[in-house]
Amino acid sequence: MGTGTSEELDLGQAPGRPGRAAYDGPLLAVDDLSVTFTRRGRRDVRAVDGVSFAIRPGETVGLVGESGSGKSVTALAVMGLLPRRGVRVGGSVRLEGEELLGASDDRLRDLRGREMAMVFQDPMTSLNPVVSIGVQVTEVLRRHRDMTREQAAVEAASLLRRVGIPDPVRRLKDYPHQLSGGMRQRALIASALACRPRLLICDEPTTALDVTIQAQILDLLRQLVRESGTALLMITHDLGVVAGLCDTVHVMYSGRVVESAPRRPLFGAPRHPYTGGLLASIPRLDAPRGAPLHPIQGSPNDTIPWEGGCAFAPRCEHRVDACTTSAPALEVRGDASVRCWNPLPPPGRAAAAPEEGT
Amino acid sequence: MSESVEQVGELAAAGADPLLRVRGLKVHFPIVKGVIVDRVVGHVRAVDGVDLDVTRGSTYGLVGESGCGKSTLGRAVLRLVEPTAGTVEFDGVDVASLKGEALRRERRRMQMVFQDPMSSLDPRQSVESVLMEPLLAHDVKPEGGVDAHVRRLLDVVGLPGSAAGRYPHEFSGGQRQRIGIARAIALNPDLVIADEPVSALDVSVQAQVVNLLEDLQEQLGLTYVVIAHDLAVVRHVSDTIGVMYLGMLVEEAPSDDLYATPRHPYTISLMSAIPIPDPDVEDRRERILLAGDLPSPANPPSGCRFHTRCPFRQETRCHDEVPALRTLAPGHRVACHWAEDVADGRITPAASAFDAAAIPTDA
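In the order they appear, the protein sequences are chains L and Z.
Read in the working numbering, the first sequence has 189 at position 189, and its numbers run on one by one without any break.
When you read off a place in the second sequence, starting at 1, and then add 1000, the result is the number in the working numbering.
Some hints could be false.
As the list claims (entries may be wrong) - Far from chain L by the CB rule (all over 10 Å, computed), these chain Z residues:
1) Thr1055
2) Glu1089
3) Glu1128
4) His1138
5) Asp1139
6) Gln1175
7) Arg1287
Unchecked claim - Taking CB as the label site, the calculated pair distances span:
8) Z/Ala1085 - L/Pro166: 30 to 38 Å
9) Z/Asp1147 - L/Asn301: 26 to 34 Å
10) L/Thr125 - Z/Pro1160: 33 to 41 Å
11) Z/Ser1199 - L/Leu101: 31 to 39 Å
12) Z/Glu1315 - L/Ala287: 35 to 43 Å
13) Z/Val1146 - L/Pro345: 46 to 54 Å
14) Z/Lys1141 - L/Pro347: 29 to 37 Å
15) Z/Asp1038 - L/Leu101: 53 to 61 Å
16) L/Arg170 - Z/Ala1298: 14 to 22 Å
17) L/Pro347 - Z/Asp1283: 13 to 21 Å
18) L/Thr207 - Z/Ala1298: 22 to 30 Å
19) Z/Asp1147 - L/Asn128: 36 to 44 Å
20) L/His177 - Z/Gly1100: 34 to 42 Å
It should be emphasised that the hints constitute simulated quantities derived from the structure, not laboratory data.
On a predicted model such as this, the values are computed, not experimentally measured, just so you know.
Don't be surprised by glycine CBs; every beta carbon is placed ideally from N, CA and C.
Please model the entire structure based on the sequences and the hints provided.
Spelled out as structure tokens, the structure:
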């Protein structure tokens, strides 16, 4: 790195944020979070069910799952972005010890953008099409850092340059449709980073982008975490992205975490049949060709409620009787926590003898 | 197109029995401006001179980023868009010059599987009706009657017979894609063009559809052209892979060779950008980051179209001389002036413009 980056590093000493040193727990602690969507005349839908995890500064945590697994709803609940009506949120979400669930709207507005920020999947729908990029990036600066229009414009230009947008002064006057997909996503990241948040949540930030642009964005995020100690919550369905980026990975299925592990044990020896099934079903670029893929049977809609068993049981090849009668708990097994009655054997142990615990 | 003429002989020797033979194919879309009188102010060169052969019974994979022209190429082969120039020979017949009834009859042998199974199925048409339509349109009387044929099709793609009376919204994404595939094979075609057949599906379901496509190829002796942006999927299903960039084929190779020895700088960077679900591999890998975005196909760069982003760019030739698609090894064609030097390590990638150190900070 060249000179001058130390300024970026000193996020903790940004002005107006005293009293940091007193707290030494995780930056974000999510405990037993549940989200239930209710609608009159309809069955309640429990999208997130007892999810717990923590993120320390400078750590990258991955939340992996297919569509409908509740990963995005978890992120929205953390940010306090779920609608108030028709949604019941339970459990606790603490940012540096401060409870966010039930915090006032004013307090949340102060925290969002300044202490925590979010990057959404589709940059075209999360940018306002009739407002220039400059206004959208400087808005955050003027709201949270009390900058004047001129100061904010200078800062915004430097932000855009830092995320790799060439000719930032001209780009500030552009509207979202004038930027390419990759540049829009970078502009969105720039506005998320404007106040140097301590927690950044990225919800499928690269899914809509081409792989060469994806590589640029992931590199940018990696650099950000390394240099400024930002805590990153990465939500994705792409196990490849997780493998290169996340320290800890939580795999979600049908609203619950089914496996949590550091990335090496997770990829080296997945314990939950769902994690193992996912890894066996994706073609790998570096694998020898010709071997057939082993898909997981059925579709993510084939679930049974968690109350009566394991939601993954209808699709699971390692199903035992207990799977359809009682719900497994998240138990620590070696490096990982696994929610399964009959987990895959750990490395080095031969064939699947059902483990005790039923 | 002088280089393409030279290569015709070579190609024909390599692919023993090409079912599909594309020569100098161009598709240009006019850019029209004007309020009262339309003026053509330029052309988007979506496909700009592509030559390729697809051997009977094999799978040809086309990869590239969005906007590289791979879908347009697939559509032009079926004449769903009109080619601007070039020939598409299907089993010895030039499809590009066919008209009317002759074209309609030829289309019976070429079918397409679309990306989004929801928008390519009529929500108000039952599955039975979807699968019967191609038979009626081409006046085909299958053995044992139409109903039995529909049941057989559903069985082949792994759906229950009871699916016939249901509507698309009653199915999951993977099942809908199976219906799309059943429709494509209803007329027992020779060639199936699959445009991003799995990218709209959940990860755990993608493998089911990939395996189905492979099984069908074995059972029915189909020839596939699979178009996708996911190189891992394409490599898994294809025998030969063509890599496209801005409307041109930059590299073509048997799929094992392409992974083991990519020769074109674009392919090399593309490979290095694809995440692999293995932390050890990810940590060890050397990434070649490309700078910037895809240039506009309406105003492509001069010379080699990749030179504006190429990490191996040289002072000479790259910016002013269009590289020909040369054969480097049997079946391995590359459009790069410096492919040998890149392969032997005589040219090393320049520090990328997106290199962290190159981004000035405000301090």
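A quick look at each hint next to the structure:
1. A cut-off of 10 Å between C-beta atoms confirms that Z/Thr1055 is not in contact with chain L; the least separation is 17 Å.
2. Listed as a non-interface residue, Z/Glu1089 keeps its Cβ farther than 10 Å from every Cβ of chain L; the least gap is roughly 29 Å.
3. Every C-beta of chain L lies more than 10 Å from that of Z/Glu1128, the closest at about 22 Å, which supports listing it as non-interface.
4. Against the 10 Å criterion, Z/His1138 stays outside the reach of chain L, whose nearest CB is about 32 Å from its own CB.
5. A cut-off of 10 Å between C-beta atoms confirms that Z/Asp1139 is not in contact with chain L; the least separation is 36 Å.
6. With a minimum CB-CB distance of about 7 Å to chain L, Z/Gln1175 fails to clear the 10 Å threshold, and the non-interface call is violated.
7. Chain L draws Z/Arg1287 into its interface by the beta-carbon criterion, the shortest separation being 6 Å against a cut-off of 10 Å.
8. A hinted range of 30 to 38 Å holds for the C-beta pair Z/Ala1085 and L/Pro166, which are about 35 Å apart.
9. A hinted range of 26 to 34 Å holds for the C-beta pair Z/Asp1147 and L/Asn301, which are about 29 Å apart.
10. Remark: the range hint 33 to 41 Å for L/Thr125 to Z/Pro1160 is upheld by a beta-carbon distance near 37 Å.
11. Checked against the hint of 31 to 39 Å, the C-beta distance between Z/Ser1199 and L/Leu101 comes to roughly 37 Å, which is consistent with it.
12. Restraint check, Z/Glu1315 to L/Ala287: a C-beta distance of roughly 39 Å satisfies the suggested window 35 to 43 Å.
13. Here the CB-CB span from Z/Val1146 to L/Pro345 is close to 51 Å, well matched to the stated 46 to 54 Å.
14. Distance hint for Z/Lys1141 and L/Pro347: a CB-CB separation of about 58 Å, inconsistent with the stated range 29 to 37 Å.
15. The hinted range of 53 to 61 Å is satisfied by Z/Asp1038 and L/Leu101, whose Cβ atoms lie roughly 58 Å apart.
16. Separation of L/Arg170 from Z/Ala1298 is about 20 Å and conforms to the stated range, judged on CB atoms against 14 to 22 Å.
17. Against the hinted window of 13 to 21 Å, the Cβ-Cβ separation of L/Pro347 and Z/Asp1283 comes to about 19 Å, which satisfies the hint.
18. Checking the proposed 22 to 30 Å range against L/Thr207 and Z/Ala1298 shows it holds: the Cβ atoms sit about 27 Å from each other.
19. Restraint check, Z/Asp1147 to L/Asn128: a C-beta distance of roughly 54 Å breaks the suggested window 36 to 44 Å.
20. Between L/His177 and Z/Gly1100 the beta carbons are some 40 Å apart, a value that agrees with the proposed interval 34 to 42 Å.
In terms of the numbered hints stated before, the structure departs from hints 6, 7, 14, 19, listed from lowest to highest.
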